[in-house]
Amino acid sequence: MPMVMVRVGAVMALLASLAICGCGGSSGPARPLIGVSMAHFDDNFLTILRTAMVEHAGKTPDVDLQFVDAQGDVGRQLSQIQNFAAQGAAAIIVNAADTSATPGMTRIARDAGVPLVYVNRRPAEDTLPAGVVFVGSEDLQAGTLEMEELARLMNHRGNVAIMVGELASNGAQLRTKAVEDVVAKYPGMKVVEKQVGNFQRERGLDLMNNWLTSGTAIDAVAANNDEMAIGAIMAIQQAGVAPGKILVGGVDATPDALAELAKGTLAVTVFQNARGQARGAFDAALTLSRGGKVDSFVWIPFELVTRENYKAFLNR
Amino acid sequence: MRKGRFSSDAGIFLVLIGIAILFEAIGWSVRGGSFLFNGQRLLVMVLQVAIIGLLAVGVTQVILTGGIDLSSGSVVALAAMIAASLAQAPSARAVFPSLVDLPVVVPVVAGLATGALCGLVNGSLIAYTRIPPFIATLGMMVSARGLARYYTRGQPVSMLTDEYTLLGSGAIPVVIFLAVAAMFHVLLRHTRYGKYTYAIGANEQAARVSGVRVERHLVLVYTVAGILAGLGGVVTSARAASGQAGMGMSYELDAIAAAVIGGTSLSGGVGRIAGTVIGTIILGIMTSGFTFIGLDAYIQDIVKGGVIVSAVVADRFRHRGALV
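Keeping their order, the protein sequence lines are chains A and B.
Oh and the first sequence: position 296 is 296 in the working numbering, straight run, nothing missing.
Oh and the second sequence: position 161 is 1161 in the working numbering, straight run, nothing missing.
Read the hints as simulated data drawn from the structure, not as lab findings.
Be aware that a few hints might be false.
[Claimed, not checked] Listed next, the stretches of chain A that the computed footprint assigns to chain B, with coverage defined by at least 3 CB atoms under 8 Å from CB atoms of chain B:
1. 47-60
2. 150-163
3. 196-208
4. 212-220
Here the structure is a predicted model, which is why all the values come from computation and not from measurement.
Even glycine gets a Cβ: it sits at the ideal position worked out from N, Cα and C.
From just these sequences and the hints, can you work out the full model?
Here it is as structure tokens:
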């Protein structure tokens, strides 16, 4: 009988720890939890960010980190935030599935009195209340850096095609706007094509194939991210266009993109500091959960990556 | 019910021609050039939907039995991840550092086997537990996508061998799609496999009474659909020279749309592969056409949805009463 009681007790304790920390680990229930809701688990850049956050959190062993995948769905993400708040999380980190839905998320966190940190995707609000911060990079800057470098390589003359990411994403809208603004600055340049490639390599490939058959002269392709840029490069190579005739630029500096830079097929990319954002977000969440103060907007700068300096980014 | 003679492919072919002529006309006024008389563009039109076409052939035979397969897009991702992980050239980032530079047959078979296994699970669940195909394949859709992400924790699998990427280069995806379509056209119209498939969809009880082993055949049909999705995963990862867990997203819906545009009845028993091929090409012609005439990206999906429904309506009007 006492044996049974011990077992029941053990099971109850296990269930309790599962319920509280939600991770099933061997940790006790007393450790504070930081809940993280990511827009996508299968997005390459967000995966680097997520991995970096796990690494960085490992240096603070008395805090538990729990990740959930919103799968691009705002409704799912709102419930995840509510669940974290109900679980008594010390802080919540959100990589918004749709940045226009952030006011609702902010309200949930404020009502529950839980600190909230938005990471990577900038929330829609112009000002954030106390206890709510954004850690990320200014997407306009990425588009500006990318297009200015392409423009320089084109001697500020020629036709530009833009590959746009997901239409609903703030990053795609801002990067595209920045690229268009740079092109508009130079009288010898104009945007001749602009279509959506959803940030995907295959879509970039198909898009470039279609453009190449349309006969429009294109001197440079400015893609909103590296995956679409790599798709464009593949299409250009398969069509037998002379290397270097069409300049291709991307954003993110993924390992695949750096390999293309090394080969000379990619002209430029822009490094978005995933580790910097991950570290910044975790540190902000930790500081807020311990009652400290953090600036409403923590900016992690983009950095231009070219054929000359790409080696410095290989291990970042 | 006999071999779906009610659905004529001529009607939907006319719709295809109509859409093409429309783009041709708009093309001349907007671009000042021909849309259709460009060999490279005709190839691209089919190339960009070749993977969806493979899935559409698989789902056509599933729909013929009165079922549905929602898992094909996710199975593409899972097969792409597993095949790509066994097709890597030596590099610091290899998933299995000891399993690089394998003969190209290894990743191909692994991809096909992955698809076959997923299809086998779908078919067994549907045939032996009698849960609706919608639910069984919905479960697989979610689980296979989850597995694809779990496999490398969301990391893409790149640096694939040249022999492997050859499978997706140039017009090869188109050749694979059309060869598979031709094979299944024959298989469905001229073999016992096809006869049983139509018979189950037209009237399962009657098929059973006339000696068709319904359960076994259903398992077979879903397994074959899985293999085609696995093939789609192999070709798509070879084409992009990368395996990514987000591949094939919502391809299952495009595949079902291609089959239905092509005259396959969702209630089973009626439909043909030739129609599905035309339905697939309609999807491809729209993508190329929208890009050619420079239609605003915000408008494209709105128009695409409208065209899909109108294509089916136009076809049905020609055969009023023949199909429901």
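message = Can you tell me if the region 196-208 of chain A counts as covered by chain B, using C-beta to C-beta distances under 8 Å and a minimum of three residues?
response = holds (count 7)
| request: Take the region 47-60 of chain A, compare each residue's beta carbon with every beta carbon of chain B, and decide whether three or more fall closer than 8 Å. | output: holds (count 3)
According to a criterion of three or more residues whose C-beta lies within less than 8 Å of a C-beta of chain B, is the region 212-220 of chain A covered? holds (count 4)
Next item on the list: State whether the coverage of the region 150-163 of chain A by chain B holds or is violated, taking the criterion as 3 or more residues with Cβ-Cβ distances under 8 Å.
Entry: Our answer is that it is violated, as 0 residues pass the Cβ test (under 8 Å) against chain B, missing three.
Comparing the model with each earlier hint shows a violation of hint 2 alone; every other hint is respected.
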